Amino acid sequence: MRTTFILNGRHIEVDADADSKLLWLLRDQLKLTGTKYSCGLAQCGACTVHLDGNPVRSCVVPVSSLKDKEVLTIEGLSNGELHPVQKAWIEEQVPQCGYCQSGQIMQAAALLEVNKNPSREEICSHMDGVLCRCGAYTRIVTAIQTASKIMEDE
Amino acid sequence: MNNPNSNSRISRRSFLGRAAGFTFILATGVVVPNIGDKNNDQKKGKELSIWVHLAPDGRVRIYNPSAEMGQGSMTACAVLIAEEMNVDWKDVIIESSPVDPENYGLQWGGQLGGPMMTVGSRTVRGYFNALREAGARANYVLRYSASRIWGVPTGRVSTEMSKAIHSDSGKTITFGELSGKIALPTNLDNIKVPLKDNEDFTLIGKDIPRYDIPGKVTGEAQYAMDIFLPEMLYGVMQRAPVNKGRPVLNNKEEVLKGHGVVDVLVMDYGVGVVADSTETALKAKARLDISWSDAESSDYDSILAYQEYERLAKSDQKGRSISSKGNVLRAFETATEAMVCEYKNDFAYHAQMEPLNAVISVSPDGKRAEAWVGSQSPDNARRTIANVLGIDFYDVNYHVCYLGGGFGRRSMSDYVEEATILANHIRKPLKFIWTREDDVGYGAFRPISLQRMEAAIGGNGNIMGWKHIIAGTGGGLLASGAEISYYDIPTQLIEVRSIDHGVRTKHWRSVGHGPNKFAIESFLDEIAYAQKEDPYLLRRKLMHKSPRELAVLDKVAEMADWGNNSSNGRAKGIAFAERSGALTAAVGEISLDSSTGRIKVHRFWVVMDAGLVVQPNNAIAQLEGGINFGLSNVLHESITFKSGQVQQSNFHDYRLLRISEAPESIECFIMPSAEEPAGVGEASTPIVGGAIANAFLKLTGKPLRHMPFTAEKVKEVLDQSM
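The listed protein sequences correspond, in order, to chains A and B.
Under this note's numbering, the first residue of the first sequence carries the number 1, and numbering increases by one thereafter.
Under this note's numbering, the first residue of the second sequence carries the number 1001, and numbering increases by one thereafter.
Isolated chain A (complex conformation) (with noise of 0.2 Å):
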């Protein structure tokens, strides 16, 4: 099916197959590689990126379901310059292995939109479907919190 949608910004058009998953139509057809495949069952969540602003498993995202809607991957996230979540992380030195963070930093990002300064708690509720094998869970706490105060000196 042709679907039209707009990611990153840009509207775009598309053919795929209906059942076709969001994740594999930005990897193997759009070459956006920042959003990771690891479990394709949405349980890992390394391959978040949001739809019309709320965080997504792109890997159980239907293409047909994409019509008229709001793409964002970590390749949009920074605008020019980096995104506070992704300046925190470098401060913070949060990536080990990295292949988790593109879905950290998406799922991070969409937490500071509708919450500009959460608790651990509510950091970790947030971020709970996010796994990290190496671990990074201890920085990745600090550094939502280094970029909450980001977003508030910018």
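Hints were generated in silico from the structure; no laboratory data involved.
Hints may be right or wrong, so weigh each one.
Calculated from the model, a selection of chain A residues having no Cβ within reach of chain B, i.e. all distances over 10 Å [to be verified]:
#1 Asp28
#2 Ile74
#3 Asn115
#4 Thr138
One-sided excerpt, in silico: chain A residues whose CB lies under 8 Å from chain B [stated by the list, open to error]:
#5 Met1
#6 Phe5
#7 Gly34
#8 Gly135
No experiment lies behind these values; they were computed from the predicted model shown.
Every residue, glycine too, gets a C-beta built ideally from N, C-alpha and C.
Given the coordinates of chain A, assemble chain B onto it according to the supplied hints.
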């Protein structure tokens, strides 16, 4: 990560004195066209050695020989060279070295040229001397070149922040300006170049931000999974549900008719599918109708197997001796008391976030190949491709990619072999991926084991005899970490008895240390509990001949305020481990929801002595990550087999630690030291089992003896009457 010389056959003759770590590339010959490398333009400037390239604009490319899988060694290796070279860090660019073990392999028996393996926390210790030496030699060449320009003695030229300086006149020239005027001393290999004293370090020990992190926050970092080639096809494979089962494919024609399906290949232990997209390949894979033969492990049940391991551990059968000291039998005969406990651990899966995959392109005549792989053993991976194709190692143009986690799993080349077989079959560029289900179901797991611990207690309450029998499935993988040389126990017998059940096992972060340290450290606490002795003080007593270990233990007790018990239904547990030369002690603080059996971990304190630490903040990241990795394993992770088949398939039934379960704080301290560096990447993982079990014993008076401590198992322990 670029791979500068990957498409070049580097002539062995072009390298002089590789042991010195300083040689010049005289000639390169292109083997195959570089399909996917964006930076294929010939670099301007000068290769100062096999390790360093100097560009006219002053950029210094440093070649990293290790696999970057999150442990940060690509930065640490470059720091070692840059330190001795006196390069301004902002001029440094890090690229992967060619996969050429003869030149870039680990120091093995004192010199470079061992395998290119990123395993066992070896990288910094395995390259420490050689890379500093390489940096110092590059620095010498720069000083020598400047001295020729100025007509002054080399000894009067110093360097600082990417500049050479004539000490007498104050004249300076930048490294970039020198790049076109490099002069080589004729006897370079024989010139002794001094290394810096530790006090003069400007980079080592100073926390250089990791080079790989910016690309990992923008999504630009490339893993093999992210490689796309023109006309690339997609491959997947259905593997035997029981290891080594052989397939009979019942519907090949039907599957081939599927839209977008390019080919189907019956292989030794599975069926490969090639299609025009990942999703098409996965759909075709789901349609395969395969009959499988039985195999050696067809009747293996890992839960029932514990009975067999227990019989073996109790029997008189001799296994492989790990340590034998004094007369243990006599110690038990004369003991006033003997204690026996058995500890168990299930199989564990690596669960690296990037499922296994490789991109391989075989030339139409089958005589050359190009590959993009994330591997902990890139030389083995490259050799595997060459062997499958029957071609020379150097006819494989091999690109090193970032690894989305390794933890031991990517030191095997099984996925590379499969990818090559399928790529050779179609002779077109192929991206070959494992799904998460493939990765779990055909995993190679940390061994299952049962550990029978016995202690002979003397009249004075001292431990006079120690028996530790490890029974399980995993051969040599069961042994590491069983030795306890730092505990002064006069008689010891430590032995491994393994039964091969035909299932796949493999090194898993810290290997045997996880299970063995769990058993050792828990048993010590059970002894202390029975003797009404403080477990920290018991360890202090046992460590009286090991001052370095004792200092680490004392420091963690101080940080965790060990003398003051936790309140509010919490308790602390202490444990110690040595791994890859690093000495680490930790205290964990937990509470318990006794209605559900759920353990909540609140805080951790960790102290490590790893000798000289090159990147302290990164070492702390490894300690934090290692604690969370260990907790994940200790609280949740279990692979079980029934009828030889793995019972778990994805993250819904192979649970990993989530952020809400991570401790609120992990406070780390690195002991100051000028000793040779030890391995950091696995140091904290094996401590966690003991620390948690010991906190639980303190809290409840009941031991946890079977990892993982799932809520269900904890509830069972709580419900047992004492």
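Separation of Thr138/A from chain B, once the least beta-carbon distance is taken, above 10 Å: Its Cβ does come within 10 Å of chain B, the nearest being 5 Å, so this is violated.
Closest C-beta approach of Phe5/A to chain B relative to 8 Å, hint status: With a minimum Cβ separation of about 18 Å from chain B (threshold 8 Å), the hint on Phe5/A is violated.
Hint status (Cβ of Gly135/A to nearest Cβ of chain B, threshold 8 Å): With a minimum Cβ separation of about 3 Å from chain B (threshold 8 Å), the hint on Gly135/A holds.
Non-interface claim for Ile74/A, where every Cβ of chain B lies beyond 10 Å: violated (4 Å)
Minimum Cβ-Cβ distance from Asp28/A to chain B exceeds 10 Å: violated (5 Å)
Consistency of the no-contact label for Asn115/A, given chain B and a CB cut of 10 Å: Non-interface label stands for Asn115/A: nearest chain B Cβ at 16 Å, farther than 10 Å.
Closest C-beta approach of Gly34/A to chain B relative to 8 Å, hint status: OK, holds: Gly34/A within 8 Å of chain B, min 2 Å.
Closest C-beta approach of Met1/A to chain B relative to 8 Å, hint status: Violated: closest Cβ of chain B sits about 14 Å from Met1/A, beyond 8 Å.
This entry does not satisfy hints 1, 2, 4, 5, 6, going by the numbered hints stated previously.
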